[in-house]
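A.B. asks: Turn these sequences into a full structure, and let the hints guide you.
Read top to bottom, the protein sequences are chains A and B. Position 62 of the first sequence, counting from 1, maps to 1382 under our numbering, and the rest follow consecutively. Position 43 of the second sequence, counting from 1, maps to 45 under our numbering, and the rest follow consecutively.
In case anyone wonders, no lab produced these hints; they're calculated from the structure. Hints may be right or wrong, so weigh each one.
Unchecked claim - Below, a list of computed lysine to aspartate or glutamate pairs in the EDC-like style, where the Cα atoms sit at most 20 Å apart:
no., chain 1, residue 1, chain 2, residue 2
1, A, K1377, B, E4
2, B, K73, B, E17
3, B, K24, B, E7
4, B, K59, B, E81
5, B, K70, B, D29
6, A, K1377, B, D29
7, B, K70, B, D86
8, A, K1377, A, E1424
9, B, K59, A, E1424
10, B, K60, A, E1402
11, B, K44, B, D86
12, B, K70, B, E17
13, B, K39, A, E1424
14, B, K60, B, D29
15, B, K44, A, E1424
16, B, K73, B, E41
17, B, K59, B, D86
18, B, K39, B, D51
To be verified - What follows is a set of in silico ranges between Cβ atoms, one per label pair, in the way DEER data are often shown:
no., chain 1, residue 1, chain 2, residue 2, range
19, B, A31, A, P1359, 45 to 55 Å
20, A, R1329, B, L48, 35 to 45 Å
21, A, S1399, B, R63, 42 to 52 Å
22, B, E7, A, E1424, 16 to 26 Å
Idealized CB from N, CA, C, for every residue including glycine.
The residues making up each chain are set out below.
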Amino acid sequence: KAGVTQTPRYLIKTRGQQVTLSCSPISGHRSVSWYQQTPGQGLQFLFEYFSETQRNKGNFPGRFSGRQFSNSRSEMNVSTLELGDSALYLCASSLEELAGVYSEQFFGPGTRLTVL
Amino acid sequence: GENVEQHPSTLSVQEGDSAVIKCTYSDSASNYFPWYKQELGKRPQLIIDIRSNVGEKKDQRIAVTLNKTAKHFSLHITETQPEDSAVYFCAASGRGFQKLVFGTGTRLLVSP
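C.D. replies: This is the structure in structure tokens:
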């Protein structure tokens, strides 16, 4: 099976702009989680989607949003970009064979966002 | 709140030595504890995981132990090799679905 893919891989934006990142999970996986990775804060959970529904949300401002489509592909959007939003954004998909039971999360390669 | 502490932040060992990384979690409801290895410029990859109903799990040179009472879990790598050099992250399941709370990472350097 193909792994988790993310597009674009690199992005440069300026403050105030908005950005949309895309994630395609492993075929058959319905859960998609998003994480922000920075040198200072490490890996932090943004949100998780399952069957087009956001089931969980981390402690990020409302400028960060996401959605999931019927084919399980997911997008996240950041509006009014700030310098501190510069980070590697990782998505991860999981199978969740049994409802509510944690299963392995497979990570994508990430999108490196630079805000100037 | 949910928190995972990880130590040490850096670890240097000689090839063939053992390496131990320790984590402590705060939420007693956590029941899933994965370990990820991230090489420079690469995605995190799961190397081993353990659930709260198990005290120890081993996979070749890698083992993880869990002490639920103390809320501690540890990664043990034996007979380290230069290709083990990477950043290792521990994580604990958070409240809700598929939310992982990560430790701050340990940079492991294995010298030949």
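A.B. asks: Regarding the pair K70 (chain B) and D29 (chain B), is the alpha-carbon distance no greater than 20 Å?
C.D. replies: holds, 10 Å
A.B. asks: CA of K1377 (chain A) to CA of E4 (chain B), is that 20 Å or under?
C.D. replies: holds, 13 Å
A.B. asks: Assess, step by step, whether the Cα of K70 (chain B) is no farther than 20 Å from the Cα of E17 (chain B), and give holds or violated.
C.D. replies: violated, 31 Å
A.B. asks: Kindly confirm whether 35 to 45 Å is satisfied by the beta carbon distance between R1329 (chain A) and L48 (chain B).
C.D. replies: Distance hint for R1329 (chain A), L48 (chain B) is violated at roughly 22 Å.
A.B. asks: Is K73 (chain B) close enough to E41 (chain B), meaning Cα to Cα at most 20 Å?
C.D. replies: violated, 27 Å
A.B. asks: Does K39 (chain B) pair with D51 (chain B) here, judged by a C-alpha cut-off of 20 Å?
C.D. replies: holds, 12 Å
A.B. asks: Go ahead and decide if the range 16 to 26 Å is satisfied by the Cβ distance of E7 (chain B) to E1424 (chain A).
C.D. replies: holds, 23 Å
A.B. asks: Below or equal to 20 Å on CA atoms is what counts here, so check K59 (chain B) against D86 (chain B).
C.D. replies: holds, 19 Å
A.B. asks: Has the given pair, K1377 (chain A) with D29 (chain B), been kept, meaning a C-alpha gap of at most 20 Å?
C.D. replies: holds, 17 Å
A.B. asks: Does E1424 (chain A) sit within 20 Å of K44 (chain B), going by the straight-line distance between their CA atoms?
C.D. replies: Given that 20 Å is the threshold and the Cα spacing comes to 18 Å, the pair holds.
A.B. asks: When you check the alpha-carbon spacing of K60 (chain B) and E1402 (chain A), does it fall within 20 Å?
C.D. replies: Outside the cut-off at roughly 44 Å; violated.
A.B. asks: Are K59 (chain B) and E81 (chain B) close enough, with their CA atoms no more than 20 Å apart?
C.D. replies: Holds, because 17 Å separates the two Cα atoms, which is no more than 20 Å.
In summary, the numbered hints that this structure violates are 2, 7, 10, 12, 14, 16, 19, 20.
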